[in-house]
Amino acid sequence: MKEQPELEWLEQYRQGDVQALGLLVEHFRRPLFGFILRMTEGRGDPEEVFQEVWFRAIRNLGKYKPKSFLSWLFRIAHNLIIDRARSARPMRSLNEAGEDETPLEERLPGSTHDPAELTVAADLGQRIARAVGGLPVEQREVFLMRTEAGLPFKEIAKIQNISINTALARMQYALAKLREELKDDYHGS
Amino acid sequence: MKCDKAQNWILLDQTGELNGRQVKQLRDHLSGCAACRQFQGEAAELLGIKARVNPTPDHILHAIRLAGAREHVREKDSDGMLVFWRPLAAAAAALLLVVLSWSMITGRDAPPVQLAKEWDNGIDEKLESLETMISSASYEIEYEYEWYEEDADELAALLLYMEEST
Chain S
7 MKEQPELEWL EQYRQGDVQA LGLLVEHFRR PLFGFILRMT EGRGDPEEVF
57 QEVWFRAIRN LGKYKPKSFL SWLFRIAHNL IIDRARSARP MRSLNEAGED
107 ETPLEERLPG STHDPAELTV AADLGQRIAR AVGGLPVEQR EVFLMRTEAG
157 LPFKEIAKIQ NISINTALAR MQYALAKLRE ELKDDYHGS
Chain V
-4 MKCDKAQNWI LLDQTGELNG RQVKQLRDHL SGCAACRQFQ GEAAELLGIK
46 ARVNPTPDHI LHAIRLAGAR EHVREKDSDG MLVFWRPLAA AAAALLLVVL
96 SWSMITGRDA PPVQLAKEWD NGIDEKLESL ETMISSASYE IEYEYEWYEE
146 DADELAALLL YMEEST
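So the sequences go chain by chain: S and V. For what it's worth, our numbering labels the leading residue of the first sequence as 7, then goes sequentially. For what it's worth, our numbering labels the leading residue of the second sequence as -4, then goes sequentially.
In case anyone wonders, no lab produced these hints; they're calculated from the structure.
Cβ-to-Cβ under 7 Å is the rule here; a few derived chain V residues that face chain S:
| id | residue |
| --- | --- |
| 1 | GLU12 |
| 2 | ALA58 |
| 3 | ARG60 |
Built from N, CA and C at the ideal position, the CB exists for glycine as well.
All chains, full assembly: derive it from the sequences and hints.
Shown next, in the form of structure tokens:
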């Protein structure tokens, strides 16, 4: 596969190939949806947000300058999540059932297939999700942009409209809190 | 190097945002600092955490593709409108340019401006004649009213005379 297939797909979509848009969506689904999933926990439907991010991206594709498409998508997601937070939707707790009657925390199981390991991993996954969800929004966002998309701090700072030192400080605070929350998982076994 | 700075550099090193000289300085610091080495290990572990994400549901993909197709249609439509209006806008701009250039070069009004002024004068004349018609009509109405007033006075005097004589 080429280094930046997204640029080719973008061009194909601009030429009228709607299938290329599907390839773009799939290519960026994991980091983008992972970010939205953890940023919107308890605040509405992540699929709806994911869809709206793409709608906005499609509408504003003319404004996109070929740098990092993923950073651009994250910027849109960041603005959209802020807009939705301002609309003051009621919060749901992590273990409260959503519209699909599946508690949000159950959507974060581990990655192993052995039943015993799966239980432990799912438990750890839940604790991690809870710890990340407990971070202040700005710190959580920096953490998720870094972990889900691997965005460089320079890009994260631009998206959050802060200095790179502030972005680094937010990450330091986030890591310190997560270390504290998850210390048993580090030193317990 | 202080540990605060070193720990920021550890984060930047993981995203490839340090230059070669900075990487070397960081390694030098790490070789002699157990606390920063521990931070490096824990940060790498915590930053390796990712949410589990299911495949995008078909209806979402379908909705996004549909929006993409609609946007293409909309763009084509708006391009068509631009193609239609572009010559008209260009012609208007050219006419404006000619008028302004004419005025600047000759110091007189350009023919279209003169035409507009003549048309303006014609309107003034018509308005004046209309005003004259209205004022003469109102004079006639006033005169006839006076005439009726005089007749009424005469009639009233006749009635009074008849009453007195009976």
